[in-house]
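> Listed here are the chains, written in short residue letters.
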Amino acid sequence: MGKAHVYRRDHINTDEIIPARYLNTDEEEELARHCMEDLDAGFVEKAGEGDVIVAGDDFGCGSSREHAVWAIRGAKVRTVIARSFARIFYRNAINCGFYLIESNEAVERINDGDEVEIDFEAGLIKDKTSGIEISFSPLPDFALEIIGDGGLLEHVKKEMQGN
Amino acid sequence: MAMTITEKILARAAGKQSVRSGELVDAAIDVVMCHDVTTPPAISMLIEKGIDRVFDAEKIVVTPDHFQPAKDVKSAELHRRLDEWARRHRIKHYYRLGRAGVCHALLPEQGHIRPGEVIVGGDSHTCTYGAFAAFSTGIGSTDLAAAIATGRLWFKVPASIKIVLKGSLGPGVYSKDVILAVIGRIGTDGALYRAMEFSGPALADMSMEARMTITNMAIEAGAKNGIIGFDDTTENYLNEHLRDNKDYTVYESDEDAEYAAIEEFDCCEIEPMVALPHLPSGGVPVGQCSGRRMDQAYIGSCTNGRIEDLRIAAGIMKGKKVAIRTLIVPATPTIWKQAKDEGLFDVFYDAECVVAAPTCGACLGGFMGVLAAGEKCVSTTNRNFVGRMGHPESEVYLASPATAAASAIEGKLADAREVV
Ligand code: SF4
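The listed protein sequences derive, respectively, from chains A and B. Under numbering that gives the first Met the number 0, the residues of the first sequence are numbered 0 to 162, in order. Under numbering that gives the first Met the number 0, the residues of the second sequence are numbered 0 to 419, in order.
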């Protein structure tokens, strides 16, 4: 269970998630200290283990920096729920084994600060604060397979060894 | 089955007769582009997973560019990791300081891009290379690691949007204005997950440099790739730039190929454009925002740091002085030398601009031209997101080299056609 940090905005881009001025490192802990900094300077202070970010359309647009996923993961955020994701961010998240949720309903109904619990297997978001439950469709099979293997490189390794 | 050029290239790379949009394919990669920000983490991942190998040392092109030359100890460490890896694996095309340049300007210039190929790079603007009738897309570090080790990647075949550029460009209007107008209409997610296929008579008049400005910004509309068909201009450029391997296959879209949408633009009506902060889709004709005071002008980057761009800027600045801080950053050493030999540096010096060495630098708020709080910069780059070139309260106005040069002279956003 974690808290929802709701940004009802579209096009939250990778420069806001992790500004380029911090790309001189790829250490996750360091990146996490600046997670969402140019969007919400107080984010890292208030984010806790298992929290979720909720946002509008096109989350993660902009650069291909996987650092954006690492910064969010490093800040111990469990998942991002958005109306839609930018292509490279979506791909990077899957490749890292980081689960994303697309849901219009969740973006409309979850309020900032709500306690939410997510059952990934059942495809269910439970908003403990408001008592509502929202179902979501799971990621496509190939994505689940990669996430199940622990990310793309583990998946690739498995295939290499299989051959 | 009728296919688009993007589908044909992916079908070839996947070893199939045909593919359809939406289909997942496992494609062979022809070229992998590596730079100093996203490649070091990919290298570390490969080492950590025990698969520290490269699929083909001749098909990987490495150039540090983002923080090149190293701006601080941390970026020096990134370069050291990149360097150690490139040497250890005997990467054939490894461009070190002195030959390194902004990746998307460097690879075509050095003859690494061929029509019909599949090119990936650890950078979102890798879509630039689609100007050469190739499939080219940006990826993150994990994908990059997989591509480096195996030479293969999974792709979902994108549906295509056809962007038809009709008519021809008016005087003082450039390909940058065209792409800003396109993104202004369809929005930053107007081509999400799609291929943006550009066609139409206006392209015929454009040089490869000008076309690259267009495909460069396909990602700013959310596209997976941007692509332009092959013609004489493409062929002439390749004849001049390809070195060892001059073989390539030309694919073109079938007449009856399926498109998710078709958008037509009458280029005769496009004005010089400025994308207002903070989205590349914020384009308005310069007339609607001229007079807005600027603090800095930046002419460079993978979008507009090529020789043609510098010539345009110099043409406007000749015999004048800039009113604000102005940085000129030739994107590659070859462009730098060309600009010097053509006397453009004298023009820039006389105009009181600074000419820097090739780097991404200030384009991403890295170094060499970072903005303070509240400052405004007219820039020939491709992104004007919050904090992109410095302080989160600074502002970036995207424009063509002509508009940036004219604005530098006036100290405020200006229409180059009126600066005489
Ligand atoms: S010039 Fe700017 S946009 Fe182009 S690759 Fe460098 S940082 Fe990215």
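Don't read these hints as lab results, they were simulated from the structure. Don't be surprised by glycine CBs; every beta carbon is placed ideally from N, CA and C. Hints should not be assumed to be uniformly reliable.
The calculated SDA-like cross-link candidates involving lysine to any residue, where the alpha carbons are at most 25 angstroms apart (straight line), are [claimed, not checked]:
#1 B:48 / A:159
#2 A:156 / B:48
#3 A:157 / B:70
#4 B:48 / A:140
#5 B:70 / B:287
#6 B:48 / A:134
#7 A:156 / B:55
#8 A:156 / B:70
Coverage of chain A stretches by chain B, computed from C-beta distances (three or more under 8 angstroms per stretch; other residues unrestricted) [what the hints assert, rightly or not]:
#9 19-31
#10 111-122
> Hint by hint, where does the structure go against what was stated? Just the numbers, ascending.
3, 5, 6, 8, 10
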